[in-house]
Amino acid sequence: MSEPATGLFSLAGPMLLAYAALAVVTPTLVRRFGRDLLTGLALLPAATTLGAILLLPSALAGHDTRTHLSWIPALSLGIDLRWDALSAAMTIVVAGIGTVVLLYSARYFPAGDDGTGRYTGALIAFAGAMLGVVLADNLILLVICWELTGILSYLLIALRYRKLAARKAAAQALLVTTTGGLAMLVGAVLLGHAAGTFVLSEVIADPPHGTAVAVAVALLIVGGLAKSAIFPFQFWLPGAMAAPTPASAYLHAATMVKAGVYLFARLAPAFAALPLWSWILVPLGGLTLIYGAAQALRQRDLKLLLAYGTVSQLGLLTLLLGAGNPDSLLAGLAMLIAHASFKAALFFVVGIIDTGAGTRDLSKLSGLGRQKPVLFMLAVLAAISMAGIPPMIGFAAKEAGYAGLLRGGGWGTAGLLMMVIGSALTVAYTARFLWGAFGTKAAVPPAGHFRSPALMLGPTALLVAIGLVLGVAPAILEPLVSSYAGVAGATEAHPLALWHGFNLPLGLSALAWAVGAGLYFAQRRRESAGTLAAPGAEPGTVYQFLVAHLERGAVRFTAATQRGSLPVSLGSILAVLIAFPGTLIVLSGVRPRNVQSIWASPAELGLCLLMAVLAVFVLRCKRAITAVLLVGGIGYLVAILFILRGAPDLALTQLLVETITLVAALLVLRRLPDTALHAGVGGNKTRLLLSAGVGALMTALALVMPGVRSQAPVSDQMAGPALEVGGGHNVVNVILVDIRAWDTFGEILVLVCAATGVASLVFLSRRTGAAPRGPQDPQIAADTGAVSPWLATNSSPRPSLLLEVVTRLLFHTIVVFSVYVLFVGHDAPGGGFAAGLIVGLALTLRYVAGGAFELGESAPWDVGKILGLGVLLAVGSAAGGIVFGGSALQSTVLEATVPVLGHLKFVTSSIFDIGVYLVVIGLVLDVLRSLGAGLDEQTMLDSVGSSTANPAKSGRR
Amino acid sequence: MDSLLQSNLVVAVTIGALFACGLYLLMSRNLIRALLGFLLVGHGTNLLLLSSGRSGSAPIVGEAGESADPIPQALILTSIVITLAVSTFLMAMAYRNYRLTRLAELTDDPEDAGLRAADADAGGGE
Numbered sequence: 001m002s003e004p005a006t007g008l009f010s011l012a013g014p015m016l017l018a019y020a021a022l023a024v025v026t027p028t029l030v031r032r033f034g035r036d037l038l039t040g041l042a043l044l045p046a047a048t049t050l051g052a053i054l055l056l057p058s059a060l061a062g063h064d065t066r067t068h069l070s071w072i073p074a075l076s077l078g079i080d081l082r083w084d085a086l087s088a089a090m091t092i093v094v095a096g097i098g099t100v101v102l103l104y105s106a107r108y109f110p111a112g113d114d115g116t117g118r119y120t121g122a123l124i125a126f127a128g129a130m131l132g133v134v135l136a137d138n139l140i141l142l143v144i145c146w147e148l149t150g151i152l153s154y155l156l157i158a159l160r161y162r163k164l165a166a167r168k169a170a171a172q173a174l175l176v177t178t179t180g181g182l183a184m185l186v187g188a189v190l191l192g193h194a195a196g197t198f199v200l201s202e203v204i205a206d207p208p209h210g211t212a213v214a215v216a217v218a219l220l221i222v223g224g225l226a227k228s229a230i231f232p233f234q235f236w237l238p239g240a241m242a243a244p245t246p247a248s249a250y251l252h253a254a255t256m257v258k259a260g261v262y263l264f265a266r267l268a269p270a271f272a273a274l275p276l277w278s279w280i281l282v283p284l285g286g287l288t289l290i291y292g293a294a295q296a297l298r299q300r301d302l303k304l305l306l307a308y309g310t311v312s313q314l315g316l317l318t319l320l321l322g323a324g325n326p327d328s329l330l331a332g333l334a335m336l337i338a339h340a341s342f343k344a345a346l347f348f349v350v351g352i353i354d355t356g357a358g359t360r361d362l363s364k365l366s367g368l369g370r371q372k373p374v375l376f377m378l379a380v381l382a383a384i385s386m387a388g389i390p391p392m393i394g395f396a397a398k399e400a401g402y403a404g405l406l407r408g409g410g411w412g413t414a415g416l417l418m419m420v421i422g423s424a425l426t427v428a429y430t431a432r433f434l435w436g437a438f439g440t441k442a443a444v445p446p447a448g449h450f451r452s453p454a455l456m457l458g459p460t461a462l463l464v465a466i467g468l469v470l471g472v473a474p475a476i477l478e479p480l481v482s483s484y485a486g487v488a489g490a491t492e493a494h495p496l497a498l499w500h501g502f503n504l505p506l507g508l509s510a511l512a513w514a515v516g517a518g519l520y521f522a523q524r525r526r527e528s529a530g531t532l533a534a535p536g537a538e539p540g541t542v543y544q545f546l547v548a549h550l551e552r553g554a555v556r557f558t559a560a561t562q563r564g565s566l567p568v569s570l571g572s573i574l575a576v577l578i579a580f581p582g583t584l585i586v587l588s589g590v591r592p593r594n595v596q597s598i599w600a601s602p603a604e605l606g607l608c609l610l611m612a613v614l615a616v617f618v619l620r621c622k623r624a625i626t627a628v629l630l631v632g633g634i635g636y637l638v639a640i641l642f643i644l645r646g647a648p649d650l651a652l653t654q655l656l657v658e659t660i661t662l663v664a665a666l667l668v669l670r671r672l673p674d675t676a677l678h679a680g681v682g683g684n685k686t687r688l689l690l691s692a693g694v695g696a697l698m699t700a701l702a703l704v705m706p707g708v709r710s711q712a713p714v715s716d717q718m719a720g721p722a723l724e725v726g727g728g729h730n731v732v733n734v735i736l737v738d739i740r741a742w743d744t745f746g747e748i749l750v751l752v753c754a755a756t757g758v759a760s761l762v763f764l765s766r767r768t769g770a771a772p773r774g775p776q777d778p779q780i781a782a783d784t785g786a787v788s789p790w791l792a793t794n795s796s797p798r799p800s801l802l803l804e805v806v807t808r809l810l811f812h813t814i815v816v817f818s819v820y821v822l823f824v825g826h827d828a829p830g831g832g833f834a835a836g837l838i839v840g841l842a843l844t845l846r847y848v849a850g851g852a853f854e855l856g857e858s859a860p861w862d863v864g865k866i867l868g869l870g871v872l873l874a875v876g877s878a879a880g881g882i883v884f885g886g887s888a889l890q891s892t893v894l895e896a897t898v899p900v901l902g903h904l905k906f907v908t909s910s911i912f913d914i915g916v917y918l919v920v921i922g923l924v925l926d927v928l929r930s931l932g933a934g935l936d937e938q939t940m941l942d943s944v945g946s947s948t949a950n951p952a953k954s955g956r957r
Numbered sequence: 001m002d003s004l005l006q007s008n009l010v011v012a013v014t015i016g017a018l019f020a021c022g023l024y025l026l027m028s029r030n031l032i033r034a035l036l037g038f039l040l041v042g043h044g045t046n047l048l049l050l051s052s053g054r055s056g057s058a059p060i061v062g063e064a065g066e067s068a069d070p071i072p073q074a075l076i077l078t079s080i081v082i083t084l085a086v087s088t089f090l091m092a093m094a095y096r097n098y099r100l101t102r103l104a105e106l107t108d109d110p111e112d113a114g115l116r117a118a119d120a121d122a123g124g125g126e
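Quick mapping for you: the protein sequence lines, in order, are chains P and B. The opening position of the first sequence corresponds to residue 1 in the working numbering, with each subsequent residue numbered one higher. The opening position of the second sequence corresponds to residue 1 in the working numbering, with each subsequent residue numbered one higher.
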């Protein structure tokens, strides 16, 4: 075993990462250094190719070379990569063609084209994803890389995103291939589940059996068919030609569309024996082979001609792999390599003609054969490889294909027939391509002279040379393809050769040449007598029909369900709530157990009665301020109930929240008309019925819920760990900052969002900033009298001297007290929420006593920064948990005995609680700043605006 | 007493009343009524959560007696603060709506109405 060679494969994972990293920086680099940089970027795929070639002996020797990197073990998802003959062949194709495509692209794009950077980035990312596909040894990883190639293909097709046609074609390709990809994902999960492992090589080595497996393989096949544009998915590939020509050469001819074929090749050794394998792949492959070739004969656009040719060739590959016998598999891989070499070269030729002559319409090109002899020669060599004519590799591969199908039993014979027909058509469209691109047409003026850059001609020549070398000495390829096919069974010796003697395959080849030539001349004769053959209607009518109806259906559904009325939307949600959970609760037969007597707690009875009465009063209330006070009253009663039920934390928080809600509501209501609560539309029976129904449901729930508990509450076990691990006596606080800290983390983010929302709704344009600290207008500043001895600023209407004095006396005390509540919260009622609300109350006091400027003086900070700092502390505490404790948000207890202060204990989750504290302060400050100071300012501007007849700053529409 | 939790009929009926009144208000087109309804539903939800757990002494290690279940309490604490955040947001929304329309009531969403009109047009045109 060659240790250094396999050792090189451990670089495969970092190499894939290198592609991703390079793809990210490429757009910037290309914008900076221009298109010549692409030749440098080609070094990465070139190095990959070189590495693959160095590793080739290890693959041929059949070593089991794999790497594994754990990713998400719970989902059986790992970065598993495997090196064998098939992945070696595909890697060399993907990286090799990638190298020449990058070189070619350095001249294909005009200098200074703003799309070059995006293009190159996507292309490099694509190369990485495609290498991931062919190296992946994990079913799920395979699907992930597979979908990545689809998305990057979308980006490349839609490179000229200002063109509607490009966007449409890109969306079509994406929808078709990802729909297939979804089927494939289901198939992969089914297969992995049936096999008991998601490691592909283990599945292949010991394939599972059964109906589920057949379904899984069928779904995987669907994914492959969609990706490789096999009937009935063939229509997206010609549309994908909206991509730049080198991208088409790379993705839509040489590599990505081969992903489906690769999947077939990968699965064939294990699953070709399933009846459905040949039943699906041979007919569909054959149909696609003939359909694509026939369509190619009708095209005028040389690129589309090649695109249909690709569809046809993909059909042939599918057909060969579908036959499934080892010799056919061998021919399939040989054909895949051959196709990559000649099809990429032909696309390059079209790109050179297109950029030079300005058109790729064969009815407008004339005389290029004489004018560009070198290009013509290269095109001829690549084209005869496509037509299966010696001495090119296409010939040897096709011969092997005939020979393989001859040994393929019944399906082989059927396939053979279709392959001969397809090959004849291929010869015909190949001839048409050469005539169309290079022929001299009497009625068409010869194309003007143009230069072909060496960087475009060179890669083309390289590909043709490879095709020629492999064609003359196909034995070079033999170890590779035999090693792959050997997995499925024994194959013939020397399957690839330039000369096998006079045998049936040669006869079939000759037959195809003759019939193809006949077809071509017949078509030429008809065309010279009449008009040029024209392409048919745009393909994919079924797709367009389905998509159009999906869109119509979506509009109709939305129009039918979204009535745009808040009461109707809410009402329908409530109706569902009554209909489903309500019915379930009745059907389940659960009844309340162990109901307390009404008189068990007279205090609760009194509180509850009062709450219910207040709630009904709210319904009947005509004035908004009264209603808000009534609801606040209910809140205070709830707080008392919390005390009775042993929840001092809740009572504290509830009291504080209720007060702040009350203040905020009053601040807003003072800017709304007194009629704010008058309902224009009266209540109706449906509303009453629905709300009464949900009320009854909730009562039932409250009665039933305590009785259905079957397990002891988990919190029974919490007291000990709360003290030992969480380091706190107050279990509720430990739950918030430690046990369920992620939840609290999410909650403070909600607070930040709400604060931002409030500020945005009031200030509209800018969200950041502090409350105003002093009047900007010198006029107003002059109006204000002497500074109050009790406050920092002076607002013109001074509400109450008493309030000023009390504020002066209490403000700082309250803030200091809040810090105490914050830190004591871990062991006694309190904590970040309550402490933050206490500071909020102190600030409210300042605002009420002194107005907007007083608020600005008392908290002269940007509220956004307070919120941000709070979240930052929470994040820091989460990260600190990883550093010190091992997992995020895990707390560490630090204890020390300090002289004078005595024994001190600090739990790191306190830092998290400080974050909560700051966020709550930020929220209250934002509410005061927006609903208080902000509304004051707007009202003042409104009055100024109306008095000077300049309503510019009012928010009126 | 066994470990079976007791249901409290009085609190249960109060929860139902808070929900019923709250939702009735919430289904109004008037945003201030909706705000009041939201606050009432918030109170009802907190009591519902509370009644799902055992009551007792404060869940602080070292307190005498059987302690109350701390988990519903932690949930309610979260709920109280979120209710504050959402209700202030609702207030700002009510204010903004009033500034824009000078109405306290919400009208139907014009975009949805437009979608219905467009669908009817497309249907008629076919």
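Derived from the structure by calculation, the hints contain no laboratory data. From the three backbone atoms N, C-alpha and C, an ideal C-beta is built for every residue, glycine too. Incorrect hints may have been included.
Said to hold, decoys possible - Far from chain B by the CB rule (all over 10 Å, computed), these chain P residues:
#1 L17
#2 L43
#3 L54
#4 F231
#5 R300
#6 A461
#7 A473
#8 G501
#9 R524
#10 Q596
#11 V638
#12 L669
#13 V758
What the hints assert, rightly or not - DEER-style ranges, computed between Cβ atoms:
#14 P:R556 / B:P110: 12 to 22 Å
#15 P:G448 / B:P110: 54 to 64 Å
#16 P:K865 / B:P110: 36 to 46 Å
Evaluation of the provided hints:
| no. | hint | verdict |
| --- | --- | --- |
| 1 | L17 | 40 Å, holds |
| 2 | L43 | 53 Å, holds |
| 3 | L54 | 59 Å, holds |
| 4 | F231 | 31 Å, holds |
| 5 | R300 | 35 Å, holds |
| 6 | A461 | 56 Å, holds |
| 7 | A473 | 64 Å, holds |
| 8 | G501 | 67 Å, holds |
| 9 | R524 | 46 Å, holds |
| 10 | Q596 | 5 Å, violated |
| 11 | V638 | 5 Å, violated |
| 12 | L669 | 8 Å, violated |
| 13 | V758 | 4 Å, violated |
| 14 | P:R556 / B:P110: 12 to 22 Å | 19 Å, holds |
| 15 | P:G448 / B:P110: 54 to 64 Å | 58 Å, holds |
| 16 | P:K865 / B:P110: 36 to 46 Å | 38 Å, holds |
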